[in-house]
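A.B. asks: Sequence:
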Amino acid sequence: MCCKLLGLLDASKVGQWCPHCLKSSGCGIYDSRPEVCRTFNCVWLTDAEFGDEWQPTRSKIVICHVRYGETRNLVFHVDPGWPLSWRKEPYYSQLKQFARNGLEHNGITTVNVGKRVFVVLPNKDVDLGICNVDDQISIKEIWDGANRDLDVYKVPRQGPGG
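When you read off a place in the sequence shown, starting at 1, and then add 1, the result is the number in the working numbering.
Derived from the structure by calculation, the hints contain no laboratory data. This structure is a prediction, so every number in the text was calculated from the model and none was measured. There could be a bad hint or two in this list.
20 Å max Cα-Cα, derived SDA-like pairs, lysine to any residue [stated by the list, open to error]:
no.	residue 1	residue 2
1	Lys97	Val118
2	Lys89	Gly27
3	Lys125	Ser139
4	Lys116	Gly130
5	Lys155	Phe51
6	Lys116	Ser139
7	Lys89	Val76
8	Lys24	Asp48
9	Lys14	Trp83
10	Lys125	Gly103
11	Lys14	Lys24
12	Lys97	Arg158
13	Lys155	Cys132
14	Lys141	Leu129
15	Lys141	Pro84
16	Lys141	Val118
17	Lys89	Gly115
18	Lys125	Lys155
19	Lys116	Gly16
20	Lys116	Ile131
21	Lys24	Cys38
22	Lys89	Arg73
23	Lys14	Glu54
24	Lys116	Lys141
25	Lys116	Glu142
26	Lys125	Leu85
27	Lys116	Leu129
28	Lys89	Tyr69
29	Lys89	Asn107
30	Lys125	Asp135
31	Lys14	Ile131
32	Lys116	Arg101
33	Lys141	Gly115
34	Lys89	Phe51
35	Lys116	Phe51
36	Lys24	Val76
37	Lys97	Val134
38	Lys14	Cys38
39	Lys97	Ile30
Given these sequences and hints, build the entire structure.
C.D. replies: What follows is the structure, encoded as structure tokens:
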């Protein structure tokens, strides 16, 4: 699934199968595959916290850790052919728990369906719409004197002179 969902070789091809992927037998250039493919490891393979239900061909989700400065994000890349798979159980309740844990440790949990990004929070999901690779996500705590909430928005990267 990483060969389809991540666009490791070409970010403009997110959601499309890598031309080297042989769907029934894996990578057609495995022995000479690019470094980016050699070094990528799905979190499902490296973190025992994720059970067999998260196996990408079963869940239709590839999980990555992404670091932006001090923020550690947990990113769930969902197959656009199964855009609602992340909202089904057992995934959704686990995503909510990851969101709670992430916020406690300065992290954000996002779900990417193609280029559309959702921020998962303990009490709601925020649809940021289509995001570019360079867009950043900002979360601010809002306090109205009685209730605490989080405001989430994307911050487009400004070009030179912007």
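A.B. asks: State for each hint whether it applies.
C.D. replies: Results of checking the hints against the structure:
no. : hint             : result
1   : Lys97 to Val118  : holds, 16 Å
2   : Lys89 to Gly27   : violated, 27 Å
3   : Lys125 to Ser139 : holds, 16 Å
4   : Lys116 to Gly130 : holds, 8 Å
5   : Lys155 to Phe51  : violated, 28 Å
6   : Lys116 to Ser139 : holds, 17 Å
7   : Lys89 to Val76   : holds, 17 Å
8   : Lys24 to Asp48   : violated, 25 Å
9   : Lys14 to Trp83   : holds, 17 Å
10  : Lys125 to Gly103 : holds, 14 Å
11  : Lys14 to Lys24   : holds, 16 Å
12  : Lys97 to Arg158  : violated, 28 Å
13  : Lys155 to Cys132 : holds, 8 Å
14  : Lys141 to Leu129 : holds, 15 Å
15  : Lys141 to Pro84  : violated, 27 Å
16  : Lys141 to Val118 : holds, 18 Å
17  : Lys89 to Gly115  : holds, 18 Å
18  : Lys125 to Lys155 : holds, 16 Å
19  : Lys116 to Gly16  : holds, 9 Å
20  : Lys116 to Ile131 : holds, 5 Å
21  : Lys24 to Cys38   : holds, 16 Å
22  : Lys89 to Arg73   : violated, 24 Å
23  : Lys14 to Glu54   : violated, 26 Å
24  : Lys116 to Lys141 : violated, 23 Å
25  : Lys116 to Glu142 : violated, 26 Å
26  : Lys125 to Leu85  : holds, 16 Å
27  : Lys116 to Leu129 : holds, 10 Å
28  : Lys89 to Tyr69   : violated, 28 Å
29  : Lys89 to Asn107  : violated, 26 Å
30  : Lys125 to Asp135 : violated, 24 Å
31  : Lys14 to Ile131  : holds, 15 Å
32  : Lys116 to Arg101 : violated, 24 Å
33  : Lys141 to Gly115 : violated, 25 Å
34  : Lys89 to Phe51   : holds, 16 Å
35  : Lys116 to Phe51  : violated, 24 Å
36  : Lys24 to Val76   : violated, 24 Å
37  : Lys97 to Val134  : violated, 24 Å
38  : Lys14 to Cys38   : holds, 15 Å
39  : Lys97 to Ile30   : violated, 38 Å
Of the numbered hints listed earlier, those contradicted by the structure are 2, 5, 8, 12, 15, 22, 23, 24, 25, 28, 29, 30, 32, 33, 35, 36, 37 and 39.
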